[in-house]
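J.: Below are the chains, spelled out letter by letter.
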Amino acid sequence: AQSVTQPDIHITVSEGASLELRCNYSYGATPYLFWYVQSPGQGLQLLLKYFSGDTLVQGIKGFEAEFKRSQSSFNLRKPSVHWSDAAEYFCAVDRGSTLGRLYFGRGTQLTVWP
Amino acid sequence: NAGVTQTPKFRVLKTGQSMTLLCAQDMNHEYMYWYRQDPGMGLRLIHYSVGEGTTAKGEVPDGYNVSRLKKQNFLLGLESAAPSQTSVYFCASRDRDEQYFGPGTRLTVT
Numbered sequence: 302a303q304s305v306t307q308p309d310i311h312i313t314v315s316e317g318a319s320l321e322l323r324c325n326y327s328y329g330a331t332p333y334l335f336w337y338v339q340s341p342g343q344g345l346q347l348l349l350k351y352f353s354g355d356t357l358v359q360g361i362k363g364f365e366a367e368f369k370r371s372q373s374s375f376n377l378r379k380p381s382v383h384w385s386d387a388a389e390y391f392c393a394v395d396r397g398s399t400l401g402r403l404y405f406g407r408g409t410q411l412t413v414w415p
Numbered sequence: 012n013a014g015v016t017q018t019p020k021f022r023v024l025k026t027g028q029s030m031t032l033l034c035a036q037d038m039n040h041e042y043m044y045w046y047r048q049d050p051g052m053g054l055r056l057i058h059y060s061v062g063e064g065t066t067a068k069g070e071v072p073d074g075y076n077v078s079r080l081k082k083q084n085f086l087l088g089l090e091s092a093a094p095s096q097t098s099v100y101f102c103a104s105r106d107r108d109e110q111y112f113g114p115g116t117r118l119t120v121t
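Protein chains in written order, with our numbering: chain A, 302 to 415; chain B, 12 to 121.
One thing to keep in mind: the hints can contain errors.
Said to hold, decoys possible - Some chain A residues well away from chain B (every beta-carbon gap over 10 Å; in silico):
{"hint": "1", "residue": "SER315"}
{"hint": "2", "residue": "GLU316"}
{"hint": "3", "residue": "SER319"}
{"hint": "4", "residue": "TYR326"}
{"hint": "5", "residue": "GLN346"}
{"hint": "6", "residue": "LEU357"}
{"hint": "7", "residue": "LYS362"}
{"hint": "8", "residue": "PHE364"}
{"hint": "9", "residue": "GLU365"}
{"hint": "10", "residue": "SER373"}
{"hint": "11", "residue": "TRP414"}
Stated by the list, open to error - Short derived list, chain B residues pointing at chain A, Cβ under 7 Å:
{"hint": "12", "residue": "GLY14"}
{"hint": "13", "residue": "MET38"}
{"hint": "14", "residue": "TYR42"}
{"hint": "15", "residue": "GLY51"}
{"hint": "16", "residue": "ARG105"}
{"hint": "17", "residue": "PHE112"}
{"hint": "18", "residue": "GLY113"}
{"hint": "19", "residue": "PRO114"}
{"hint": "20", "residue": "GLY115"}
These aren't lab readings, by the way, just hints derived from the structure by calculation.
Cβ atoms here follow ideal geometry from the backbone N, Cα and C, with glycine treated the same way.
Hey, can you work out the whole structure from these sequences and the hints?
T.: Encoded structure:
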């Protein structure tokens, strides 16, 4: 059974519009949570991470994410999307073992219209 | 400080051929990982290592072998390549709480 779910395979938004990418996980305990971005032909870059504490996390490039324990969600948001944000976004979970293994969602491809 | 590097960037193999992918990191990290990325599948863990001389299987280890003879290097081997191993391969290393990824190797098996 998939442990990390990104329900939206592809999202299209207009430049300047707000964005929310969804991520749900299915572990009992609170895991460590990450969002990565991958531009075409590139590796993965960490946008932000949540381990504990404040449930609203700020990241790079103007992104933020909110952890909601009751919904087992960690959704990524940006108030105003730029054309350079077009990329694939991956949510990942570390279940907190000493091995540090990451479990990835299948990704959401973001297209930005000018 | 180069971070995580991968060699080669691209490779085309014929079915049955063998090859080794090299991952190198200069951050003195203990933990290293090999993932494969396939369309619509996200990244899946192949093998990982928690220190020099140690390796362990991940989620999709079949058809691959690994070695960690030096702390800075993590090698991924394909002994007899199959078309199902056509993929993009990413290496990562980890500090206390974050994984750092290499740029990837695009492998095609015909």
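J.: Look at each hint and say if it fits the structure.
T.: Checked hints:
1. SER315: holds (25 Å)
2. GLU316: Holds, because the least Cβ-Cβ distance between A:GLU316 and chain B comes to about 26 Å, which exceeds 10 Å.
3. SER319: At about 25 Å from chain B, A:SER319 clears the 10 Å cut-off, so the statement holds.
4. TYR326: holds (13 Å)
5. GLN346: Nearest chain B Cβ is 8 Å from A:GLN346, so the label is violated.
6. LEU357: holds (19 Å)
7. LYS362: holds (17 Å)
8. PHE364: holds (16 Å)
9. GLU365: Fine: 18 Å to the nearest Cβ keeps A:GLU365 off the interface.
10. SER373: holds (18 Å)
11. TRP414: For A:TRP414, whose nearest Cβ neighbour in chain B is about 23 Å away, the distance exceeds 10 Å, so it holds.
12. GLY14: violated (9 Å)
13. MET38: violated (14 Å)
14. TYR42: At 5 Å from the nearest chain A Cβ, B:TYR42 passes the 7 Å test, so the hint holds.
15. GLY51: holds (6 Å)
16. ARG105: holds (5 Å)
17. PHE112: holds (4 Å)
18. GLY113: Holds, because the Cβ-Cβ distance from B:GLY113 to chain A comes to roughly 6 Å (cut-off 7 Å).
19. PRO114: holds (5 Å)
20. GLY115: holds (6 Å)
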